[in-house]
Amino acid sequence: MNYETHEHDVLVIGAGGAGLRAAVEVSAKGLSVGVVSKSLLGKAHTVMAEGGIAAAMANVDAKDSWQTHFSDTMKGGKFLNNWRMAQLHAQESPDRIRELEDWGALFDRTPDGEILQRAFGGHTYKRLCHVGDRTGLEMIRTLQDKGVHSGIDVYMELTIFRLLKDGGKIAGAIGYWRKTGEFVVFKTKAIVLATGGGGKAYQITSNSWECTGDGHALAYEAGAELIDMEFFQFHPTGMVWPPGVKGLLVTEGVRGEGGLLTNNKKERFMQRYDPKMMELSTRDMVARSIYTEVKEGRGSPHGGVFLDISHLAAERVKKKLPSMYHQFKELADVDITREPMEVGPTAHYMMGGVRVDAETGASTIPGLFACGEVTGGMHGANRLGGNSLSDLVVFGRRAGMGAAEYARKLNSFPLLDQGELEKAAKDMETPFQRSGDENPYQIHRELQESMQSLVGIFRMEEDLKKGINKIEELKHRAAKLAVKGERTYNPGWHLVGDLKSLLTVSEAVANAALTRKESRGAHSRIDYPNMDEKFGKLNVVVSRKNGEMNISTSPVPEMPEELKRLLAENK
Amino acid sequence: MEKTVAPAAMVKFGTTQRKDAWWAAPTATVAVLTLFVIYSMVRAFENNYYIAGPYLSPFYSPLLLFDWWPLSPAFLILWAPAGFRFTCYYYRKAYYRAYAAHPFACAVGEPHRDYQGETKLFLFQNLHRFFLYAAVVVLFFLWHDVIKAFSFGGHFGMGFGTLVLLVNTVLLSGYTFSCHSFRHFVGGNVDCFSCAKAGRVRFKLWKGVSSINEHHMLWAWTSLFAVMAADLYVRLVACGAIHDLRIF
Amino acid sequence: MPDVTFKVFRGDAKGGQAIDYPVPIAPGMVVLDALHYIQGYLAPDLAVRWNCKAAKCGSCSAEVNGKPALMCKTRLDSLPTGRPITVYPMKTFPVIKDLVCDVSWNYDVNKKIPPYRPAKDGRKIYQEDVDRVQEFRKCIECFLCQDVCHVLREHEKKAEFAGPRFFVRLAGLEMHPNDITDRSEFLKNSSGLGLCNITKCCTEVCPEEIHITDNAIIPLKERVADRFFDPLRWVFAKIFGRK
Ligand SMILES: Cc1cc2nc3c(=O)[nH]c(=O)nc-3n(C[C@H](O)[C@H](O)[C@H](O)COP(=O)(O)OP(=O)(O)OC[C@H]3O[C@@H](n4cnc5c(N)ncnc54)[C@H](O)[C@@H]3O)c2cc1C
Ligand code: SF4
Ligand code: SF4
Ligand code: FES
Ligand code: FES
Numbered sequence: 000m001n002y003e004t005h006e007h008d009v010l011v012i013g014a015g016g017a018g019l020r021a022a023v024e025v026s027a028k029g030l031s032v033g034v035v036s037k038s039l040l041g042k043a044h045t046v047m048a049e050g051g052i053a054a055a056m057a058n059v060d061a062k063d064s065w066q067t068h069f070s071d072t073m074k075g076g077k078f079l080n081n082w083r084m085a086q087l088h089a090q091e092s093p094d095r096i097r098e099l100e101d102w103g104a105l106f107d108r109t110p111d112g113e114i115l116q117r118a119f120g121g122h123t124y125k126r127l128c129h130v131g132d133r134t135g136l137e138m139i140r141t142l143q144d145k146g147v148h149s150g151i152d153v154y155m156e157l158t159i160f161r162l163l164k165d166g167g168k169i170a171g172a173i174g175y176w177r178k179t180g181e182f183v184v185f186k187t188k189a190i191v192l193a194t195g196g197g198g199k200a201y202q203i204t205s206n207s208w209e210c211t212g213d214g215h216a217l218a219y220e221a222g223a224e225l226i227d228m229e230f231f232q233f234h235p236t237g238m239v240w241p242p243g244v245k246g247l248l249v250t251e252g253v254r255g256e257g258g259l260l261t262n263n264k265k266e267r268f269m270q271r272y273d274p275k276m277m278e279l280s281t282r283d284m285v286a287r288s289i290y291t292e293v294k295e296g297r298g299s300p301h302g303g304v305f306l307d308i309s310h311l312a313a314e315r316v317k318k319k320l321p322s323m324y325h326q327f328k329e330l331a332d333v334d335i336t337r338e339p340m341e342v343g344p345t346a347h348y349m350m351g352g353v354r355v356d357a358e359t360g361a362s363t364i365p366g367l368f369a370c371g372e373v374t375g376g377m378h379g380a381n382r383l384g385g386n387s388l389s390d391l392v393v394f395g396r397r398a399g400m401g402a403a404e405y406a407r408k409l410n411s412f413p414l415l416d417q418g419e420l421e422k423a424a425k426d427m428e429t430p431f432q433r434s435g436d437e438n439p440y441q442i443h444r445e446l447q448e449s450m451q452s453l454v455g456i457f458r459m460e461e462d463l464k465k466g467i468n469k470i471e472e473l474k475h476r477a478a479k480l481a482v483k484g485e486r487t488y489n490p491g492w493h494l495v496g497d498l499k500s501l502l503t504v505s506e507a508v509a510n511a512a513l514t515r516k517e518s519r520g521a522h523s524r525i526d527y528p529n530m531d532e533k534f535g536k537l538n539v540v541v542s543r544k545n546g547e548m549n550i551s552t553s554p555v556p557e558m559p560e561e562l563k564r565l566l567a568e569n570k
Numbered sequence: 000m001e002k003t004v005a006p007a008a009m010v011k012f013g014t015t016q017r018k019d020a021w022w023a024a025p026t027a028t029v030a031v032l033t034l035f036v037i038y039s040m041v042r043a044f045e046n047n048y049y050i051a052g053p054y055l056s057p058f059y060s061p062l063l064l065f066d067w068w069p070l071s072p073a074f075l076i077l078w079a080p081a082g083f084r085f086t087c088y089y090y091r092k093a094y095y096r097a098y099a100a101h102p103f104a105c106a107v108g109e110p111h112r113d114y115q116g117e118t119k120l121f122l123f124q125n126l127h128r129f130f131l132y133a134a135v136v137v138l139f140f141l142w143h144d145v146i147k148a149f150s151f152g153g154h155f156g157m158g159f160g161t162l163v164l165l166v167n168t169v170l171l172s173g174y175t176f177s178c179h180s181f182r183h184f185v186g187g188n189v190d191c192f193s194c195a196k197a198g199r200v201r202f203k204l205w206k207g208v209s210s211i212n213e214h215h216m217l218w219a220w221t222s223l224f225a226v227m228a229a230d231l232y233v234r235l236v237a238c239g240a241i242h243d244l245r246i247f
Numbered sequence: 000m001p002d003v004t005f006k007v008f009r010g011d012a013k014g015g016q017a018i019d020y021p022v023p024i025a026p027g028m029v030v031l032d033a034l035h036y037i038q039g040y041l042a043p044d045l046a047v048r049w050n051c052k053a054a055k056c057g058s059c060s061a062e063v064n065g066k067p068a069l070m071c072k073t074r075l076d077s078l079p080t081g082r083p084i085t086v087y088p089m090k091t092f093p094v095i096k097d098l099v100c101d102v103s104w105n106y107d108v109n110k111k112i113p114p115y116r117p118a119k120d121g122r123k124i125y126q127e128d129v130d131r132v133q134e135f136r137k138c139i140e141c142f143l144c145q146d147v148c149h150v151l152r153e154h155e156k157k158a159e160f161a162g163p164r165f166f167v168r169l170a171g172l173e174m175h176p177n178d179i180t181d182r183s184e185f186l187k188n189s190s191g192l193g194l195c196n197i198t199k200c201c202t203e204v205c206p207e208e209i210h211i212t213d214n215a216i217i218p219l220k221e222r223v224a225d226r227f228f229d230p231l232r233w234v235f236a237k238i239f240g241r242k
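Protein chains in written order, with numbering that gives the first Met the number 0: chain A, 0 to 570; chain B, 0 to 247; chain C, 0 to 242.
Hints are computed from structural coordinates only; laboratory data are not their basis.
Hints should not be assumed to be uniformly reliable.
Unchecked claim - Some but not every residue of chain C turned toward chain B, in silico, with C-beta under 7 angstroms: (1) Ile-18; (2) Asp-19; (3) Gln-126; (4) Val-132; (5) His-149; (6) Phe-185; (7) Lys-199.
What the hints assert, rightly or not - Computed list of lysine to aspartate or glutamate pairs in EDC-like fashion (alpha-carbon distance at most 16 angstroms, straight line): (8) Lys-28/A with Glu-404/A; (9) Lys-156/C with Glu-117/B; (10) Lys-328/A with Glu-208/C; (11) Lys-422/A with Asp-165/A; (12) Lys-264/A with Asp-307/A; (13) Lys-187/C with Asp-229/C; (14) Lys-186/A with Glu-568/A; (15) Lys-168/A with Glu-220/A; (16) Lys-119/C with Asp-165/A; (17) Lys-111/C with Glu-404/A; (18) Lys-206/B with Asp-130/C; (19) Lys-196/B with Asp-181/C; (20) Lys-6/C with Asp-19/C; (21) Lys-178/A with Asp-19/C; (22) Lys-123/C with Glu-113/A; (23) Lys-92/B with Glu-213/B; (24) Lys-178/A with Glu-127/C.
Unchecked claim - Here are a few chain C residues that sit away from chain A, every Cβ distance over 12 angstroms (derived from the structure): (25) Lys-6; (26) Asn-64; (27) Asn-105; (28) Glu-184.
All figures in this text were calculated on a predicted structure; none of them were measured in a lab.
A virtual CB, placed ideally from N, CA and C, is assigned to each residue, including glycine.
Chain A on its own, in the form it takes in the complex (with noise of 0.2 angstroms):
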């Protein structure tokens, strides 16, 4: 077997907002890190981010402290999350922030000279950072620059498909260049899995073709846990119209400046739902009410409610929500300083994701790290918007600091497995080997519609194992299918490396969501309607016991005294 090897004390895979911030890191710590992406650098689902990322800098709002982000967050996330992480991310926060200033990035100003803030559902006060609705293209690129000039090395367009591991410890990891279709071997002494999320698993959703969960499934192959996958967020406004931009974002940005949402009866419905927050209610809560809405015959004539933005001035519009301004004109023909625009709920975010320690983002496997969307427990049971940027550069700055002190600790480069690398090689080309006449494109179609018609929104127990045994049926489609082409730049071949991963994450989520008989944050069980005090100090766990899924609770991490006497306070 060929293939070319490259040795780097930490491998980073993932290049979006946590996975440079981690080689950054690493790289200042003196010690050799590759960054590998399936995309070309820069194009990571981190430059799509639009509304802000979140931090208690209390530039607008005086009052504004990492101990009220911290309850909001918490609050949010129901009481579910790691309470360490949402604490070291509400504390560190506007650090990073400041030191994305520091490299170069140039936020939106306050009259003051200083960082502007904008309000976001479940912020108590003015919190998210923000360059008008592209916030997430200023963070990779100040990112994208910072790594560039730092002398980390970037393997683009190479998708990682196994973790190679030599005992118990990470050893190595083993990919394709997506260009020429060719293996390259990876010797390393640990790695930061920033791999971003999975959203690919539904049929609409904001994710791009990247987002297939490959990181979760990576990590549970390689035998670490997985937790609270059974919370995937729903993002209450995608589009709805035209066709091909089905699920396409609208971000949250836009009730942020005072955007209204109203049914076809013109009532501001959330009235019924949430009369204190009203639009600016958590995500779980908002895209409920409107899939609501639309079920009971109160919605817009394709299939989702009204975002209305037109009664601020046209010009505020345009400077503050630029992108979405010419989405909307360009994509859909709504000019929406005039015309209201038409939303309905997408898949977005996944909270849940490798279990990691808070303080290193360590992950049960030593030498295996993660950070970003690819990691669970900060959110809990819904995300905030704007906690994921900061997130992923809170903990893509820890876990490149936890890495690159393992691996200065490890004298020397574990040893990669030579059977156990042909092994992974040779089950990605069989592929090629094989005949047959099923299409991934199909298996990937019918795994979409039974995801969002069988583990969506709303679930009972009757639909989820039905998704459950579709998603078995699915895995065994894909285990036969045929490639045809060649090895260059093949996106059927890669579909099939990446159904793989998708199939393991929908698999996770759909039995997790199948175990918590509550329903909590992200997570609504029409059969169980109710939160159920039990599953509020419980986990799920997913991980691989002799080669199957294993499904299993822990507890919730226990709070201090002064943090719950916090949260009472903030009540």
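With the hints as your guide, set chains B and C with the ligands onto chain A.
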């Protein structure tokens, strides 16, 4: 920057997959600019019919008559606006495209002569700012002419010619002060407005100039037509082909 | 809904040809939707880059009916009907396969740009200081401007010319209110700024509507002129000292 790329360019002039009328705009540019250059040369050489009553043709303003100068007085002046326009960032675009076909239109194959861009011989384009200074001086005289055009034998009045000169000078001012070099001069060269001396004022100025600079192309064409029209009007009145219409 | 024929380039560095695919049309459809249809039903191995499908990531650059454009932003109803729609890869970069080309040259150029160096950390910055630079930071690195720029496309000056994308980046750094790196030598000599003849094709194709020529390139040319081609300024500086 090492060369990493195999020749992918189109070989022949005019090769493209574009399906629209990409040749229309540059062809029109050639026609209009050529016409203008011929007209202005003819008029400059003509050395006659440039004064009509209170009106002075913009081609001859300020009127410099010296015994030692054997040619038309227009040549003492015209180098300034001509140089200004020749080195203007907008006209450069227009004639590089239309005359040199570098490129004739976007994503259309062009002749593969040795290409130097604005290096070497073309470094003189960097002198644009000096032509700007000269053009501002000329503009000063043109405004002077406009004021004079309100005076008919010592009495305040206005003719159609006054209007023609006024419009021309307004458009020329718009063209001159929407100049990129001017925009740079008033504030474009500042990096941090809040830290620079007189930063607020310069920011306001720069903003103002930027807003007209956005339409520099429009100023360039309208003022070109206006100059030609103003001169033609003065000439026609001067040679008696038409009579100036007195408004009051 | 009727079918429209797409003529899509299929091939690699060694050559290739346009293949016809009939695609059923839906309202509001963009070119990328059509390619996804082709991938999903007719040719699973059709290589095409994309990510966001919302003109935010700059992955899906190609040449549609001969014009460099983002496929996810090009509506079918904006193209002439009744004729096949041609989709080719960007011409300025070597083809890898089908619509995917090797844009790594751009990343190499980027590395050579003298990086950001702050004057002082944590200083106050006002909106008026950032307005201008924020326009440049909208760039999504689609490289369409690089593709259309004749200096690269026709004259192959990749060795000496950074291209409009990187003039935008350079302008963003040069006009950054808190940056102190001096890039004038780099601009004049290494970046090839002088090779740009301000013919504005880059501006015409930029999907982010960045005024590349007017707001980035020309101001940079003026800065270079300040530094290297302005004797008056030089005399002034000698008499009154540098500012
Ligand atoms: C439209 C949209 C708007 C959003 N807006 C906001 C917002 O305003 N505020 C906010 O806080 N959050 C927002 N989010 C959420 C947030 O953007 C994401 O959660 C976050 O960017 C994830 O970052 P990441 O670094 O974890 O992963 P990503 O940015 O998704 O990056 C993943 C990286 O991993 C690589 N990768 C994946 N698998 C592999 C593999 N097998 N081999 C090699 N590389 C691999 C990918 O190529 C990519 O480089 C938004 C999300 C979307 C979709
Ligand atoms: S203006 Fe300059 S950089 Fe832009 S396309 Fe023309 S020559 Fe290239
Ligand atoms: S400047 Fe515009 S055209 Fe050029 S890469 Fe950036 S976004 Fe694309
Ligand atoms: S740029 Fe046109 S006149 Fe100066
Ligand atoms: S897919 Fe992101 S720009 Fe087209």
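Please write out, lowest number first, the hints stated earlier that are contradicted by the structure.
-> Going through the list in order, the structure violates hints 1, 2, 3, 4, 6, 14, 16, 17, 19, 21, 24 and 27 and respects the others.
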